[in-house]
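Chemist: Sequence:
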Amino acid sequence: MFFYLSSLILRAIRDCGENEVFSSCKGCEATCENPKPTCPHTCLPGCFCDAEESLVRKKGRCVPTEACRPANPIDVCKGFKCRAGTYCKPQHVKPCPDLTKVCEEKAVCVKF
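With the first letter of the sequence shown counted as 1, position 73 gets the number 73 in the UniProt record's numbering; the numbers rise by one all the way through.
Hints in this document: simulated from the structure, not taken from any laboratory.
Errors might be hidden in some of the hints.
Listed next, with one range per pair, are the computed distances between beta-carbon atoms [stated by the list, open to error]:
hint : residue 1 : residue 2 : range
1    : Lys81     : Glu52     : 40 to 48 angstroms
2    : Phe80     : Thr38     : 36 to 44 angstroms
3    : Phe112    : His41     : 53 to 61 angstroms
4    : Arg83     : Asn19     : 39 to 47 angstroms
5    : Tyr87     : His41     : 50 to 58 angstroms
With a straight-line cut-off of 30 angstroms between C-alpha atoms, the simulated DSS-like cross-links for lysine-lysine are [said to hold, decoys possible]:
hint : residue 1 : residue 2
6    : Lys26     : Lys59
7    : Lys36     : Lys26
8    : Lys89     : Lys58
9    : Lys106    : Lys78
For glycine and all other residues, C-beta sits at the position ideal for the given N, C-alpha and C.
With the sequences and hints as input, model every part of the structure.
Modeler: And the structure:
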């Protein structure tokens with residue numbers, strides 16, 4: 001039994017993904033949705049986002065906390081005036097090729 005558990009733990013250490021670290025005893029980890037979770041008093045081995053590097057889980061990947069969008073994003077169109085026949089639409093200032101980049105938005109007027 002001990003050998004079986006040891007082999008599982010060793011395999012988990014090898015199989016940790018990018019920005020993940022192995023922990024032999026952890027209850028839970030931070031996510032973008034829940035950055036400060038209340039962890040149960042359980043102890044599970046596994047791969048977790050590296051909290052010392054301020055990484056949290058987002059859609060299955062470990063990303064910097066800055067890559068998490070706020071729960072209530074700022075409405076860039078609020079108070080923005082467009083001419084008749086157009087409406088305000090948020091637009092990315094720069095493309096976001098992966099989850100580690102924070103996208104910025106600006107308000108633009110688009111024709112109906």
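Chemist: Run the distance test for Lys36 versus Lys26: straight-line Cα separation, threshold 30 angstroms.
Modeler: 14 angstroms, holds
Chemist: Using the beta carbons of Phe112 and His41, state whether their distance is inside 53 to 61 angstroms or not.
Modeler: Between Phe112 and His41, where Cβ atoms are some 57 angstroms apart, the hint holds.
Chemist: Can you tell me whether the CB distance of Tyr87 to His41 sits inside 50 to 58 angstroms?
Modeler: Given about 52 angstroms between the Cβ atoms, the range holds.
Chemist: Can you confirm whether the C-alpha distance between Lys89 and Lys58 stays at or below 30 angstroms?
Modeler: 26 angstroms, holds
Chemist: For the pair we were handed, Lys26 and Lys59, check the Cα-Cα distance against 30 angstroms.
Modeler: OK: Lys26 and Lys59 at ~20 angstroms, within 30 angstroms.
Chemist: With the threshold set at 30 angstroms, check whether the alpha-carbon distance from Lys106 to Lys78 stays at or below it.
Modeler: 11 angstroms, holds
Chemist: Does the hinted range 40 to 48 angstroms hold for Lys81 and Glu52 at CB?
Modeler: Holds: the Cβ-Cβ distance is about 47 angstroms, inside 40 to 48 angstroms.
Chemist: Kindly confirm whether 39 to 47 angstroms is satisfied by the beta carbon distance between Arg83 and Asn19.
Modeler: Between Arg83 and Asn19, where Cβ atoms are some 46 angstroms apart, the hint holds.
Chemist: Falls inside 36 to 44 angstroms, the C-beta gap from Phe80 to Thr38?
Modeler: The hinted range 36 to 44 angstroms holds for Phe80 and Thr38, with Cβ atoms some 39 angstroms apart.
Against the hints set out earlier in the document, no violation occurs for any number.
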